[in-house]
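Chains as they are written, first to last, in this note's numbering: chain A, 1 to 427; chain B, 428 to 854; chain C, 855 to 1281; chain D, 1282 to 1708.
Heads up, a few of these hints could be off.
Here are a few chain B residues that face chain C, going by a calculated C-beta distance under 8 Å [said to hold, decoys possible]:
{"id": "1", "residue": "G646"}
{"id": "2", "residue": "K647"}
{"id": "3", "residue": "K780"}
{"id": "4", "residue": "L843"}
Derived DSSO-like pairs (lysine-lysine); straight-line CA-CA distance at most 27 Å [stated by the list, open to error]:
{"id": "5", "chain 1": "A", "residue 1": "K147", "chain 2": "A", "residue 2": "K214"}
{"id": "6", "chain 1": "B", "residue 1": "K741", "chain 2": "D", "residue 2": "K1601"}
{"id": "7", "chain 1": "A", "residue 1": "K43", "chain 2": "D", "residue 2": "K1439"}
{"id": "8", "chain 1": "B", "residue 1": "K614", "chain 2": "B", "residue 2": "K656"}
{"id": "9", "chain 1": "C", "residue 1": "K1074", "chain 2": "D", "residue 2": "K1595"}
{"id": "10", "chain 1": "A", "residue 1": "K43", "chain 2": "D", "residue 2": "K1595"}
{"id": "11", "chain 1": "D", "residue 1": "K1428", "chain 2": "D", "residue 2": "K1523"}
{"id": "12", "chain 1": "A", "residue 1": "K353", "chain 2": "D", "residue 2": "K1324"}
{"id": "13", "chain 1": "B", "residue 1": "K470", "chain 2": "C", "residue 2": "K1074"}
{"id": "14", "chain 1": "A", "residue 1": "K229", "chain 2": "A", "residue 2": "K187"}
{"id": "15", "chain 1": "B", "residue 1": "K641", "chain 2": "A", "residue 2": "K314"}
{"id": "16", "chain 1": "A", "residue 1": "K214", "chain 2": "B", "residue 2": "K741"}
FYI, nobody ran anything at the bench for these hints, they're computed from the structure. Computed from a prediction, not measured in an experiment: that's the story for all the values here. For glycine and all other residues, C-beta sits at the position ideal for the given N, C-alpha and C.
4 protein chains.
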Amino acid sequence: MFCQAARRCSRPVATTLRLARPKRSYASTAGPMFDWEDPLATKTLLTEEELAISETAERYCQERMLPRVLQAYRDEHYDAAILTEMGELGLLGANLEGYGCAGVSTVASGLITRAVERVDSGYRSGMSVQSSLVMGGIHAFGSTEQKERFLPSMAQGKMLGCFGLTEPNHGSDPGSMEATARPHPSKSGYVLLSGAKTWITNSPIADVLMVWAKMQETGKIRGFLVERKNCPTGTLETPPIKNKNGLRASITGMIQLDDCPVPLANMFPDVEGLSGPFTCLNSARMGIAFGVMGALEDCLARARTYALERRQFKNNPIAKYQLVQKKLSDAATDASYGVLAAIQVSRLKDEGKATPEMISLIKRQNCDRALVNARTLQEIFGGNAVSDEYAIGRHVANLFVTQTYEGQSDIHSLILGRAITGIQAFV
Amino acid sequence: MFCQAARRCSRPVATTLRLARPKRSYASTAGPMFDWEDPLATKTLLTEEELAISETAERYCQERMLPRVLQAYRDEHYDAAILTEMGELGLLGANLEGYGCAGVSTVASGLITRAVERVDSGYRSGMSVQSSLVMGGIHAFGSTEQKERFLPSMAQGKMLGCFGLTEPNHGSDPGSMEATARPHPSKSGYVLLSGAKTWITNSPIADVLMVWAKMQETGKIRGFLVERKNCPTGTLETPPIKNKNGLRASITGMIQLDDCPVPLANMFPDVEGLSGPFTCLNSARMGIAFGVMGALEDCLARARTYALERRQFKNNPIAKYQLVQKKLSDAATDASYGVLAAIQVSRLKDEGKATPEMISLIKRQNCDRALVNARTLQEIFGGNAVSDEYAIGRHVANLFVTQTYEGQSDIHSLILGRAITGIQAFV
Amino acid sequence: MFCQAARRCSRPVATTLRLARPKRSYASTAGPMFDWEDPLATKTLLTEEELAISETAERYCQERMLPRVLQAYRDEHYDAAILTEMGELGLLGANLEGYGCAGVSTVASGLITRAVERVDSGYRSGMSVQSSLVMGGIHAFGSTEQKERFLPSMAQGKMLGCFGLTEPNHGSDPGSMEATARPHPSKSGYVLLSGAKTWITNSPIADVLMVWAKMQETGKIRGFLVERKNCPTGTLETPPIKNKNGLRASITGMIQLDDCPVPLANMFPDVEGLSGPFTCLNSARMGIAFGVMGALEDCLARARTYALERRQFKNNPIAKYQLVQKKLSDAATDASYGVLAAIQVSRLKDEGKATPEMISLIKRQNCDRALVNARTLQEIFGGNAVSDEYAIGRHVANLFVTQTYEGQSDIHSLILGRAITGIQAFV
Amino acid sequence: MFCQAARRCSRPVATTLRLARPKRSYASTAGPMFDWEDPLATKTLLTEEELAISETAERYCQERMLPRVLQAYRDEHYDAAILTEMGELGLLGANLEGYGCAGVSTVASGLITRAVERVDSGYRSGMSVQSSLVMGGIHAFGSTEQKERFLPSMAQGKMLGCFGLTEPNHGSDPGSMEATARPHPSKSGYVLLSGAKTWITNSPIADVLMVWAKMQETGKIRGFLVERKNCPTGTLETPPIKNKNGLRASITGMIQLDDCPVPLANMFPDVEGLSGPFTCLNSARMGIAFGVMGALEDCLARARTYALERRQFKNNPIAKYQLVQKKLSDAATDASYGVLAAIQVSRLKDEGKATPEMISLIKRQNCDRALVNARTLQEIFGGNAVSDEYAIGRHVANLFVTQTYEGQSDIHSLILGRAITGIQAFV
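Only chain A is shown next, with the shape it has when bound in the complex (with noise of 0.2 Å):
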């Protein structure tokens, strides 16, 4: 599905990015050569087929998702045809096996996403939803009736999803939840589902929607696919949040739940309490921690460029100066170590190794870093970041969001404080 999904994309991968490659630095035999974009060789950790995935997806997402974001950033509008574009080069629930999801690597999914966020955090969080959040539930949770009349369609990204978790009053807390599901007073097999949900990246948008409430009875969390074009009007509607200053090429709004009936085929059979969620999000986070170090890498590119053209001082590149040079090795440190952590992790997921914990480890430290090392680089860029054609203020402001959402930082690091010391500090 790779091959042909990659011929498609025939045309050259931008490379403008990748000018003014530097000669080998103190070696005169041919030995092995320092590569600034991938500094600790982590290439050599993949197999011939990720690698094969990888240089898909970085071409579609060069070639024809970076020509769109800009504008979609100013706009705040996000294109829904690209789910559907990638779920055509089979990128939608990649690692997930069976019902048309190509089964790759938890390694290869990461470096889709890797892929996408080199574009924009947002775009990934958009990919991210369909595939680790709803995608990544119903094969885990999910009957396997759900899963048929579910999978293929949302893995050709014809069928969109969006993930009801947090609310207005209960982020880090989703333990706290107030939409409720009780039985239906009247039809038999139903509930009715209400409550409120916010923050919710594809919610305007999505076909079906993966809602999390407690049951009314048990005050069990309990999970439940809502499909829209079931819902009588006036039970859900899905309102856009607007005026984000980050994540503007991903679409973001609220899920309102008024007495929406839901038949109880469509809730998800054994999975109760917040292991169900959890498990999504560990899913998601392993992604995140993927993709941040894509927007840093470019970040790294974009400011490596800027600092070799811009001229200033007796017509110097400013990239010859000690405090530019300082800011790009410390960038390009934190990202080859943050690629290499999440290659790890993912290994360990694939042999049945990883815990929470090590996902929220690299899911915080890779956040923090990127973020950290965007802004320093936006800094070679001086007055001149300011322009939005510059792109590194939108990375800059999509990996703030990104080191809030699916555990905000601090959060994340109570969870490792807590498995460190065996005592939670939350409250």
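Starting from the known structure of chain A, arrange chains B, C and D on it as the hints suggest.
Okay, now just chains B, C and D, sitting in the frame of chain A:
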């Protein structure tokens, strides 16, 4: 003048951000109170007049400016009426003597910029250009005729100015500028100005443009007051620069001069070289050092309010969490240190004891610390920070720009480094 | 008294660290000069008397203390003669009124601590204990008889004191102290003190030990002046604590009390609870906030000298490198801000307007910034920093301790956090 | 050889620091466990042999080295028996092939350095010099005769070596070295070495001194193996450098050569210029990158134990405080990332794919992060940190030195900057 102005703004200052004043911590007797909004009691350093001016400015800004800024920032629109209103209140060029200016202290002038930047750095930028760069420059270097011609209407905000120094290829190194003034081939007493200036706040709306250019014959930099109304068609263009990712409530543009005829009567009579623009910049940087503290203080006040109102985990306000309190403490500390330093250098300036290095020092430090702390405070808002209604994202984006303009932070560190070591390290 | 003292130190102050004063950077006219040793011209805020006191103290410290400190630190030896010498110069308890004390301003007193800590934080600690904690405590809470009995000889450095509050298990939380005072079973007007205090500067050499203990009957904390000469054998031990990795030029020990009889005449008559020791600590913290700036300034001066003398790569002084200059600039900035804040709070204190939170604020910030910058400056010395003759390693080790004592940095951030939010977050 | 060695250390490893292993946080089923001592499960990347070697080394270090280090550090004394013991265990030059060396992987070799530096960076330095710099250099550049003559007894720790590159005036820039080798005026096949080397670990106790000097005739740098026993009196002095403030458990000295005759048979036959010493340094830096993670891990373990045992405020262990947990989380994160990167580059090295820039990158980052986190963890100990029995102060002091030697951190950032931009910025 200020008293009159004050009376016009009779509505009470919005106090929603100032709720929940905590009780004195561990004092039983009636001693002095700690004020988190002025932790080092810098108010004790102000004169009665300065306090009154500050109050007038704060009231105007909170009542009249604040309600406009959210939409203005969204729309990237600058309301030039603001300068007229400020002129009516006597807030423009306030620290200049004569020519219709208020002649207040540098501290008082700084308190005005702090009040304005508490609302928005873009509004402060618009004012700084008018007050410090243009009016300040005319006051310092203009002939008596020039002062009389321009200053009174500029002080009233009826004539708007802009300051043209930075060029597309020469930011940190203005000495390499390419704009030139050559003798008019036919019209005696005139020069023809050519060249391009960029990132010029207010250029699209300016009536008078202070342009720095090199005399073709001597290579010496001179300053010119270009009056838009007198420029023949095609000799002056001031296209706006759109799609900024910060300072969106201010208007920025280019200045494109193509053999624009300017009478020598509009050239500053004596000042030559970079000491002219640098003097203007010093005055503006003084204002920035004061101003950014206002932005930081607003971030602190908003973050504090949010932390007191937002509840997570067993319904605790997040203000109870150590990681949140540390962010608030750090910000309050840096804000109070920064205000203190700004007052000190302002006083020195009025006594003729300030040096440019001192202003570099406080401009750099206050911008850096305002930015760092604003970003940290932004974390308190978690995912909600992405909504522009919380304002903090706007401050963060703005403060990054203040760090880069009128001397990027690193450049100021090298200016200081040169002053400390006697060795310059720019190249 | 100061003039006399000054005359005794007639040798010129060693000026080796003050070489290579750079020329004024870009000024052609004779304007004010930038002084890298006082970047914000804080000297302009001092009175003639304060300047004279500062000069006396600096001269004494550079001439008499500095030559001793290297060996003292190596040997972990405290020369108690230093306190006698300081007493002769009138430098002990200098800001107290009457009883043989100089009665100078809090600023003057702070300038003394700055001069001492420019040499070594351990020497300053020894002085702070004598001046602020013990003499200050007696002055504030002692009966007239107590003041007359202790203060004059303490001011002369003939009687040494120490301050016993911290216990082995109660550092940040002194309210949980376990030391007790119970009525003497047989001797009227006496109590028996029992308990252990630790990390007590000067305890092994103290003649009078101010010990805080809980009255057995009431549980209320009271303060006692334990005179070593009157303690029966076996009731008071003050073993030194050796092998410290910082403050090695000061002497630290424990206080072990075992039914030590103390007359009630040696108990502070009125003060009860933690307000007593906290008042003493506030005064000492004020001194620390001033003092650590001296240590930082010494680090800066030494790093600057080293950077000007050390040559690498084509024989350039390393002071020419941007990465070095930035470290110097950062340190100079923080030092000047810190001094300014210390002066401000000192003035407020003398006017009765200072609050404990203000002192927490500047104690924390100045200690933190002194430490951070000292560490960064240490990098300039490269591998040579490991030699103790460059002194900077000693300052770094000392400054870490100042960050932890008299309120560890995080604790002060929570004290501030409580003052800002009204919510305490210690537990 | 390792199995034998392992059997000799039959006592159980001290486990006092590993108490209080927390239960798995939010897992109900028996899944993989999070191990705070190896958060990213890097053990899964090791071979059986590597795990066994690591275990042997850790056991030896904890059982035999750890009990010695406190006193050694106090006394600034290096026990050369340690190298003999390590030789007996096969831990010296372990990654070299033949000549009595174990021929293990670079990862295994790195695990040994990690085990040693978990005890003390000075002990690791002593071993690095022997193993990487001297044995590694002889193995890489020596003639067969040289290898056979030196390596076997060095591997056994019976012959000690040191590495003489750095000179008093040439640290970061060894190419400017002043040491020279000139033809012996009378003795054919000999040169006379003159010059001074400083900060040479092990120089006072070395039997063989690898000295780099410039050939007087050509100016080319060559390497010499100076055998102390063959040096005429007065031609070689190796005075120790005392009073270091870090790495006090290692011995450091100078090398002073005054027309010291050395046979050309002791010169490396082929290598010329800086590629010789740089190759040695690369190998040593690889070990440092691994080693410092051991020191950081020890700091983390100790800080965690302290935080669990120390109680303040209502008898809560301070491990419950958010500000403490964040410090632990940060350290665990950086330690795990650093180990991962060290393993990756080690594997690349064994595959012939590592470049010097990669080693610069991980040496810099791991040293920097180890230092930063060790300092932060030190704060957890509050005032108690000043006692050397808590060990963390020793690690902090040591780690600062590791940051400065074998390429100061800033220099490595410029090496990376050059590799990224193609422009060198050293001068």
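Against the structure shown, which of the earlier numbered hints fail to hold, in ascending order?
1, 2, 7, 10, 11 and 13
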